[in-house]
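All chains should be modelled from the sequences, with the hints used to inform the complete structure.
Now for the letters of each chain:
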Amino acid sequence: MTLIFGVPIQALTGQLMIGLINGAFYALLSLGVAIIFGMLRIANFAHGAQYMLGAFVAWFLLSIPTLFPNSGLPSIGYWGALVVAPIIVFGVGILMEVLFIRRVYRLDHAYGLLLTIGLTMILEGIFRVQFGSSGQPYQIPELLRGGQNLGFMVLPYYRVWVILVSLVVCFATWFMIERTKFGSYLRAATENPELVQAFGVNVPLMLMLTYGFGVGLAGFAGVMAAPIYQVSPAMGQNLIIIIFAVVVIGGMGSILGSIISGFLLGIIEGLTKVFRPEASTTIIFVIMAVVLLVRPRGLLGKVAK
Amino acid sequence: MTATTLTTDPTSTLATRIGWEKIALLVLLLLALIGPAFVYPLFLVRILTFVLFASAYNLIFGYAGLLGFGHAAFFGLASYTVAQSAKTLPITPEISLILGVMVSAAIGSVFGWLAIKRQGLYFAMITLSLAQIVFFFFAQVGWAHGEDGIQSVPRGYFLGLLSLSDNTVMYYFVLCVSVLGVWFLWRVVESPYGEILKAVRDNEPRAISLGYNANRIKLTAFTISAGVAGLAGGLNALSFQLASLSDVHYLLSAEVILMVLIGGAATTLGPVLGAIVLVTMQNYLASLGAWVLIVQGVIFVLCVLGMRNGIVGTIENWTLRQLTRSEG
Amino acid sequence: MDLILETRDLTKRFDGFIAVNGVNLQIERGTIHAMIGPNGAGKTTTFNLLTKFIQPTFGQILFNGRDITREQPENLAKAGIVRSFQISAIFGEMTVAQNVRVALQRPLATYMHFWRPVSSLRSLNDRVDSLLEAVGLLEFRSLKAKELSYGRKRALEIATTFALDPELLLLDEPTSGLGHEDVDRISSLIKSFAKGRTLLMVEHNLSVVSSLSDKITVLTRGSVLVEGDYATISRDPRVMEAYLGTGHG
Numbered sequence: 012m013t014l015i016f017g018v019p020i021q022a023l024t025g026q027l028m029i030g031l032i033n034g035a036f037y038a039l040l041s042l043g044v045a046i047i048f049g050m051l052r053i054a055n056f057a058h059g060a061q062y063m064l065g066a067f068v069a070w071f072l073l074s075i076p077t078l079f080p081n082s083g084l085p086s087i088g089y090w091g092a093l094v095v096a097p098i099i100v101f102g103v104g105i106l107m108e109v110l111f112i113r114r115v116y117r118l119d120h121a122y123g124l125l126l127t128i129g130l131t132m133i134l135e136g137i138f139r140v141q142f143g144s145s146g147q148p149y150q151i152p153e154l155l156r157g158g159q160n161l162g163f164m165v166l167p168y169y170r171v172w173v174i175l176v177s178l179v180v181c182f183a184t185w186f187m188i189e190r191t192k193f194g195s196y197l198r199a200a201t202e203n204p205e206l207v208q209a210f211g212v213n214v215p216l217m218l219m220l221t222y223g224f225g226v227g228l229a230g231f232a233g234v235m236a237a238p239i240y241q242v243s244p245a246m247g248q249n250l251i252i253i254i255f256a257v258v259v260i261g262g263m264g265s266i267l268g269s270i271i272s273g274f275l276l277g278i279i280e281g282l283t284k285v286f287r288p289e290a291s292t293t294i295i296f297v298i299m300a301v302v303l304l305v306r307p308r309g310l311l312g313k314v315a316k
Numbered sequence: 197m198t199a200t201t202l203t204t205d206p207t208s209t210l211a212t213r214i215g216w217e218k219i220a221l222l223v224l225l226l227l228a229l230i231g232p233a234f235v236y237p238l239f240l241v242r243i244l245t246f247v248l249f250a251s252a253y254n255l256i257f258g259y260a261g262l263l264g265f266g267h268a269a270f271f272g273l274a275s276y277t278v279a280q281s282a283k284t285l286p287i288t289p290e291i292s293l294i295l296g297v298m299v300s301a302a303i304g305s306v307f308g309w310l311a312i313k314r315q316g317l318y319f320a321m322i323t324l325s326l327a328q329i330v331f332f333f334f335a336q337v338g339w340a341h342g343e344d345g346i347q348s349v350p351r352g353y354f355l356g357l358l359s360l361s362d363n364t365v366m367y368y369f370v371l372c373v374s375v376l377g378v379w380f381l382w383r384v385v386e387s388p389y390g391e392i393l394k395a396v397r398d399n400e401p402r403a404i405s406l407g408y409n410a411n412r413i414k415l416t417a418f419t420i421s422a423g424v425a426g427l428a429g430g431l432n433a434l435s436f437q438l439a440s441l442s443d444v445h446y447l448l449s450a451e452v453i454l455m456v457l458i459g460g461a462a463t464t465l466g467p468v469l470g471a472i473v474l475v476t477m478q479n480y481l482a483s484l485g486a487w488v489l490i491v492q493g494v495i496f497v498l499c500v501l502g503m504r505n506g507i508v509g510t511i512e513n514w515t516l517r518q519l520t521r522s523e524g
Numbered sequence: 005m006d007l008i009l010e011t012r013d014l015t016k017r018f019d020g021f022i023a024v025n026g027v028n029l030q031i032e033r034g035t036i037h038a039m040i041g042p043n044g045a046g047k048t049t050t051f052n053l054l055t056k057f058i059q060p061t062f063g064q065i066l067f068n069g070r071d072i073t074r075e076q077p078e079n080l081a082k083a084g085i086v087r088s089f090q091i092s093a094i095f096g097e098m099t100v101a102q103n104v105r106v107a108l109q110r111p112l113a114t115y116m117h118f119w120r121p122v123s124s125l126r127s128l129n130d131r132v133d134s135l136l137e138a139v140g141l142l143e144f145r146s147l148k149a150k151e152l153s154y155g156r157k158r159a160l161e162i163a164t165t166f167a168l169d170p171e172l173l174l175l176d177e178p179t180s181g182l183g184h185e186d187v188d189r190i191s192s193l194i195k196s197f198a199k200g201r202t203l204l205m206v207e208h209n210l211s212v213v214s215s216l217s218d219k220i221t222v223l224t225r226g227s228v229l230v231e232g233d234y235a236t237i238s239r240d241p242r243v244m245e246a247y248l249g250t251g252h253g
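Residue numbers (our numbering), protein chains in the order written: chain A, 12 to 316; chain B, 197 to 524; chain C, 5 to 253.
No wet-lab data here; the hints were simulated from the structure. Keep in mind that a hint or two might mislead.
[Unchecked claim] Mimicking SDA-like on lysine to any residue, the simulated pairs with C-alpha atoms at most 20 Å apart in a straight line are:
#1 C/K82 to B/N409
#2 C/K150 to B/N513
#3 B/K313 to A/V214
#4 B/K313 to C/I58
#5 B/K283 to B/Q437
#6 A/K192 to A/V214
#7 C/K199 to C/G183
#8 B/K313 to C/Q59
#9 C/K82 to B/P401
#10 B/K218 to B/I472
#11 B/K313 to A/P307
[As the list claims (entries may be wrong)] Okay, the calculated bits of chain A under chain B, using three or more residues with CB under 8 Å as the criterion:
#12 74 to 83
#13 119 to 125
#14 212 to 219
#15 255 to 269
On a predicted model such as this, the values are computed, not experimentally measured, just so you know. Every residue gets a Cβ at the ideal spot worked out from N, C-alpha and C, and that includes glycine.
Set out below in structure tokens:
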């Protein structure tokens with residue numbers, strides 16, 4: 012058995028794999044939060060609950076025959092859920108924006124956070140009432156089951172899939188926002204809505220779609236999470252706080268910063284778990300504190316006012 | 197573009213001050229004095245500790261204009277400190293309370309100093325993250341016993357003389373300390389320092405241009421707030437003889453914000469009313485389990501959308517409109 | 005020349021855009037000095053540099069011969085420099101009287117004393133009232149500052165600025181957003197308060213500039229174009245071109 016720094020190599024690579032997976036989710040989720048914060052100046056605390064919603068919708072779609080046995084509707088498996096669930100969650104996001112979020116744009120930014128805290132409580136509460144604290148089962152899709160034993164590590168197919176998809180989605184989104192014409196309209200609309208509106212662009216619509224998109228990303232992450240994490244009402248709870256820290260470290264409102272920090276911090280967390288397991292729960296927050304001391308604007312953020 | 201201020205100070209714009217707030221506080225105090233005769237004392241104790249906690253939070257939220265989202269850390273730090281010291285050290289309860297306050301104030305000054313480096317929402321996110329470090333610390337460290345918490349905390353003898361074992365005696369002790377705490381916070385606000393604090397809240401660049409070190413001003417408020425929050429946490433641990441993870445959970449941080457929001461920020465009466473409303477509601481809905489979460493969420497949303505000045509602010513505005521209308 | 009404020013090669017660069025480019029200012033003691041120029045000329049940035057709200061990329065700022073380039077903004081008031089803001093900066097939730105009193109508290113050592121009663125500030129009340137009277141706001145002393153009309157908010161800001169009895173006043177567009185009457189009132193207030201002090205102001209209103217200032221610096225695209233009194237610069241064709249060229253006046 013090979014040892015690296017006194018740790019068996021399988022344990023090290025195993026934790027690295029887990030770290031990379033976690034990092035993929037951190038990146039995907041903080042991407043959504045960074046977009047919503049950067050564009051709408053809303054600290055979307057509900058992001059964790061919306062992620063949970065995505066996972067539950069996936070489970071729901073899978074369980075249609077058991078929940079509605081007389082309807083004759085088929086079960087929608089993982090691949091269908093990957094498309095349908097984010098759209099449903101996107102729809103919920105649109106609803107939230109129209110009913111609630113848009114009313115606080117003109118207020119002090121604090122109210123955006125307070126509002127989304129309240130919405131989180133409602134969302135989580137509803138699912139808790141229905142499902143308690145227990146998790147619902149969700150299988151890894153057949154195509155991606157199993158893994159490849161490389162000797163020094165085992166490479167589970169599903170987890171590789173998650174990492175690859177996250178990378179693709181993250182960078183595709185970043186590209187769309189930072190490098191395309193549409194993205195530049197979006198960025199302009201959030202910096203100077205009156206001016207952009209004068210050019211005939213429907214700013215309220217853009218804001219609504221932006222929030223919906225960010226929420227849809229959370230829902231997408233939820234579907235991806237369903238087979239490997241427990242589908243339970245509390246699954247987004249502690250996660251959202253980590254996401255906020257990741258966004259601060261990456262530089263608030265910096266999309267690339269969030270993506271890079273997400274992956275990086277996931278890996279660091281995984282490594283910490285190997286060498287100093289007690290510290291793994293708080294390492295990200297400690298790093299945030301250090302970043303604040305050394306570089307308050309975050310990795311890729313703009314200079315703080 | 198400057199954002200609108202976070203809170204409005206609902207003091208009357210008329211030359212004559214409406215003293216109804218002071219009357220209401222007096223009435224509440226009188227009710228509190230006779231309370232145990234009608235209501236279970238420990239239920240009232242819970243209200244009092246949260247009155248103190250909410251009032252402490254109001255100092256930074258309402259008067260310093262800081263949206264802290266990690267205040268449970270200070271409540272819990274003191275709670276665990278008091279619980280552990282009361283159980284393991286040969287000290288009287290007031291000494292362990294003082295220890296608790298010192299710990300929360302000390303950590304408060306460190307967290308505050310870190311968080312003040314960024315403004316607005318960043319401040320909220322940073323305080324939240326720092327509070328999570330505290331949460332995980334108590335979830336993992338051996339002597340805090342994780343999910344079980346520290347149980348059977350002895351109430352001891354106040355000044356070595358008065359036994360606090362009786363619930364009614366404990367209640368009056370907590371009442372005295374809470375009243376003193378709320379009075380102390382009121383005094384901080386109504387002081388030369390308080391004037392500068394409110395100025396920094398209203399327009400920080402202006403205050404700086406007049407020569408004030410805004411960060412130092414805000415940090416002082418944050419430290420005092422953390423210390424008094426610790427006093428509340430310590431009282432809680434002694435009264436219920438338990439320190440648990442719910443004392444450091446972020447849900448508690450959210451609840452204290454809700455209390456101040458319901459009652460009305462930047463007022464003395466507001467946090468008092470908010471705490472009464474929230475604790476009472478939680479108590480009566482306790483049997484409904486997760487519905488409490490939904491109800492709290494709905495109240496949060498309603499307050500943010502329709503009642504940002506809380507109960508006190510809404511009454512003030514309504515009274516103001518009546519008065520100006522009658523003046524023609 | 006008795007220079008109260010001097011800048012040497014003052015430069016500020018933002019991510020590739022040079023807002024202030026090697027500006028050399030010489031403000032003589034006891035004068036009213038105006039900084040004008042079209043929008044985007046770098047006036048407000050220069051102002052923020054002088055008042056230490058932003059740090060220069062390069063260059064020096066000297067106050068009474070002392071280098072204040074790295075000074076913290078809150079230390080300027082003690083040194084004798086007080087600024088005003090482009091959008092009237094007052095403490096909205098506090099009363100008019102409290103606004104002025106806050107300014108007067110600074111020299112007192114007690115402003116950190118959170119255990120003292122606010123009534124201990126009673127000794128300042130007379131001075132508060134006399135300042136309010138000078139700007140015509142005495143009758144509003146108990147009104148919340150945010151309830152004042154914009155012109156009166158400006159007057160309040162002037163009162164709080166002068167409350168500190170500064171050697172050097174830095175006023176950022178003191179008459180912006182004001183109607184005719186208010187402009188005249190604020191102008192005359194500035195003129196009377198400026199006696200025996202030095203004043204540097206950024207202004208767009210050229211009639212105010214012409215009636216008040218002894219010397220004018222014209223900024224365009226981050227650099228000093230020309231300096232002189234109103235008669236000199238108003239006849240300079242380059243000034244006309246700078247304004248018309250950018251489409252602003």
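Verification of the hints:
With a C-alpha separation of about 12 Å, the suggested pair C/K82 and B/N409 falls inside the 20 Å cut-off, and the hint holds. With a CA separation close to 15 Å, the supplied pair C/K150 and B/N513 stays within the 20 Å bound. The hinted pair formed by B/K313 and A/V214 fails the criterion: a straight-line CA distance of about 33 Å is larger than 20 Å. About 16 Å separates the Cα atoms of B/K313 and C/I58, which keeps this hinted pair within 20 Å; it holds.
Restraint check: the Cα-Cα separation between B/K283 and B/Q437 comes to about 10 Å, which is no more than 20 Å; the hinted pair holds. Proximity of A/K192 to A/V214 is assessed by CA-CA distance (about 15 Å); at most 20 Å being required, the pair is judged to hold. Distance restraint check for C/K199 and C/G183: the Cα-Cα separation of roughly 25 Å exceeds the 20 Å cut-off, and the hinted pair is therefore not satisfied. Distance check on the hinted pair: B/K313 and C/Q59 sit about 17 Å apart at the alpha-carbon level, within 20 Å; holds.
Taking the CA atoms of C/K82 and B/P401, the gap is about 16 Å. The hint holds against a cut of 20 Å. Between B/K218 and B/I472 the CA atoms are separated by roughly 17 Å; this keeps the pair inside 20 Å, and the hint holds. A threshold of 20 Å between alpha carbons decides the hint, and for B/K313 with A/P307 the separation of about 7 Å falls inside it, so the pair holds. Counting residues of the stretch 74 to 83 of chain A whose beta carbon lies closer than 8 Å to any beta carbon of chain B gives 0, which falls short of the minimum of three for the stated coverage.
Counting residues of the stretch 119 to 125 of chain A whose C-beta sits closer than 8 Å to any C-beta of chain B gives 7, which meets the bar of three, so the coverage hint holds. Coverage of the stretch 212 to 219 of chain A by chain B is violated. Counting CB-CB distances below 8 Å, 0 residues qualify, and the rule asks for three or more. Given a C-beta distance limit of less than 8 Å, the hint that chain B covers the stretch 255 to 269 of chain A holds, as 5 residues qualify and 3 suffice.
The structure does not agree with the numbered hints 3, 7, 12, 14 stated previously, though it agrees with the rest.
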